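S.K.: Chains as they are written, first to last, in the numbering used here: chain A, 1 to 135; chain B, 1 to 135; chain C, 1 to 135; chain D, 1 to 135.
Keep in mind that the hints are not guaranteed to be accurate.
Copies of the same chain look alike in the list, so a pair counts if it works inside one copy or between any two.
Taking lysine to aspartate or glutamate pairs in the DMTMM-like style, the calculated list, with each CA pair at most 20 Å apart, reads [as the list claims (entries may be wrong)]:
1) Lys86 / Glu58
2) Lys86 / Asp71
3) Lys118 / Glu72
4) Lys84 / Asp70
5) Lys8 / Glu80
6) Lys62 / Glu80
7) Lys8 / Asp71
8) Lys68 / Glu58
9) Lys8 / Glu35
10) Lys8 / Glu76
11) Lys118 / Glu76
12) Lys84 / Asp71
For the record, the hints were derived by calculation from the structure and aren't laboratory data.
Computed from a prediction, not measured in an experiment: that's the story for all the values here.
Residues per chain are reported as follows:
4 protein chains.
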Amino acid sequence: MVTTVRHKVNFYDTDAMAVVHHSNYIRWFEIGRVEFLREAGITLNQLMDDGYVFPITEVSAKYVNSAKFDDELIIETTPEALTKAKMAFTYRILRASDDTLLVTGRTQNVFTSMETGKITRLPDAYYNKLKAMLD
Amino acid sequence: MVTTVRHKVNFYDTDAMAVVHHSNYIRWFEIGRVEFLREAGITLNQLMDDGYVFPITEVSAKYVNSAKFDDELIIETTPEALTKAKMAFTYRILRASDDTLLVTGRTQNVFTSMETGKITRLPDAYYNKLKAMLD
Amino acid sequence: MVTTVRHKVNFYDTDAMAVVHHSNYIRWFEIGRVEFLREAGITLNQLMDDGYVFPITEVSAKYVNSAKFDDELIIETTPEALTKAKMAFTYRILRASDDTLLVTGRTQNVFTSMETGKITRLPDAYYNKLKAMLD
Amino acid sequence: MVTTVRHKVNFYDTDAMAVVHHSNYIRWFEIGRVEFLREAGITLNQLMDDGYVFPITEVSAKYVNSAKFDDELIIETTPEALTKAKMAFTYRILRASDDTLLVTGRTQNVFTSMETGKITRLPDAYYNKLKAMLD
C-alpha cells in the first residue's frame, strides 16, 4: 500500500543552483513516513506519549531530476519490511504537474524506548496496525 | 561587552537568489547568544539541566547587505537589558573579509521554568554572571 | 484583504525544547507572502523571469505561543503599505485546531532589479495588481 | 587522504527528540566536501565561475550514535573514486570530545555544465588537482 502526500516547494528550500537543496528530500521522506503512520491509525505523538521513538538508522537517496521553487511534489511512501524492532520504507518523490520522477529513497528505522534509549519490541497494538499496511 | 564568534556560510544556507536566505541570520543570532552565555560562564545545557529554558519572545532584523556562499561572518552579540525575568540582546553580523555590515538585529528572551512552562525569576547564581557582562 | 494559507508543522521543524524553532516562523511568513502574490495574480517565478527580485530588508516577530509537531497552522498575510519601490506585510500565525494566536510579524521588502542589484520601481502591470489587493 | 573539518552543533540543529535531526548530517557532508575541494586547491565558487556545478546524484548514511546540542563534531571526508565525469566521497562524523563515531556516509556527485545542465567532463586543470588527492 502506497501512501501519497503533497508538498509545495518553498523559496527557502532552494539553494544557489536555483533548485531544491538535496538534503530537503531527506526531510520530505519524513513527511511521507508520518503520513503513512497516520493512515495506519498511528500518530507519532501517540507513539511518543507511549514512550516509543522511531529514529532513523539508515537513509539513502538517488537524485534523478531537480525540483524548483513553487513545484508541487507528490511524496509516495511504501512500507518495505517490518519486524517488531524495525521498519523500512521506500520513497518516490515526483513533480505533480508532469509526474516526472525526481528522487527515490529508502529509510531504515528502529523502534526505541524513550526510557532506556535502546531498541525495543513494539507492542502488538501498534505492530498489528503497521502489519495491516504491508498486506 | 561584545561577544564575537565566527561562522562560515555553507552552500545549504543560500537560496535561489544566490545569497543567504534571510531566515538564517535569525538562526545565527542564536549562535551569538549561546557564545555570549558561555563567556558569562553559563552553558545552555547547564541552564536546561537546572530546569530553565530561554525562549525568544521577540526578534527583529534589518538586512543591509547580502552574505554569499563561503563568506566568513563575524557575529557580534551585545547584552542590552537584563532583569531576573528577561534579557535583550542586539546583534551585528559582518563579512569578515572587509568588515561590511550585513545585518543588525535584536532579540528579547524570557527565562522560563521547564516544569511550569511559565516565566520565572532566574536564581542569583545565574543572574550575577549575566549582570557582570553588562557592566 | 487577508490571504490565508495552511501549513502543517513537520518533525524537522521542532527543536530540543519540543516546540517549533522560532526561525521557522520567519520562513513561513514567506509562504504567506508568496500566496499573497499568487492571489494578486503574480507568481514570484514570473517576477524573477521579468528581472525583479523581492528581497527582505526588515523582519520582526513576536512569539506569543508555541507550535508543536503535527499542529496545523493558519498563516494570515495582510498588505500594510505599498509604493512602486517597496512593500510591507503583516502576518498572524494561528493554530488551526483552536485559533490560538502563535506569532505576529511584519516584513519590509524592496523591489530590486536582478540586472543592477539596485532598488527599482515596479512597472504598472505589477504595481496595479498589488495595489488592487490593498483596497 | 582524509580532509578533516570541525563543526559545532547549534540549538537549531536539534529536534524534539533532543538530538540532531538526521537530515543535518547530509548537510554536513557538504561542509566536508567543500573543505576537501579547498584542500585540493579548488573553491566551489571558482568552479561555478568557470561554468561547472557539482550536484549530488546519490547519498547514503548510517546513523550509529546521536549528536546533541553544543557537541563539537569532526567531519572526515575521503575521496573514494574519481573520473572526469563524476566523483564519490565517503564520510565519517565523530564527536570530538571522545571520538565516538556518530554517522558514516557516502555521496556520488557529477560534474555538470551550468550552460547545458548536462553531465560534462572536467578540464585537466581541475581533474589533476582532484586526482592528486586520491594518490
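S.K.: Evaluate each hint against the coordinates.
M.R.: Hint-by-hint comparison with the structure:
no.: 1; hint: Lys86 / Glu58; in the structure: within (11 Å within a copy, 24 Å between copies)
no.: 2; hint: Lys86 / Asp71; in the structure: neither (33 Å within a copy, 27 Å between copies)
no.: 3; hint: Lys118 / Glu72; in the structure: neither (38 Å within a copy, 24 Å between copies)
no.: 4; hint: Lys84 / Asp70; in the structure: neither (39 Å within a copy, 25 Å between copies)
no.: 5; hint: Lys8 / Glu80; in the structure: neither (26 Å within a copy, 26 Å between copies)
no.: 6; hint: Lys62 / Glu80; in the structure: both (17 Å within a copy, 18 Å between copies)
no.: 7; hint: Lys8 / Asp71; in the structure: both (6 Å within a copy, 17 Å between copies)
no.: 8; hint: Lys68 / Glu58; in the structure: between (26 Å within a copy, 18 Å between copies)
no.: 9; hint: Lys8 / Glu35; in the structure: both (16 Å within a copy, 11 Å between copies)
no.: 10; hint: Lys8 / Glu76; in the structure: both (14 Å within a copy, 18 Å between copies)
no.: 11; hint: Lys118 / Glu76; in the structure: neither (29 Å within a copy, 27 Å between copies)
no.: 12; hint: Lys84 / Asp71; in the structure: neither (37 Å within a copy, 28 Å between copies)
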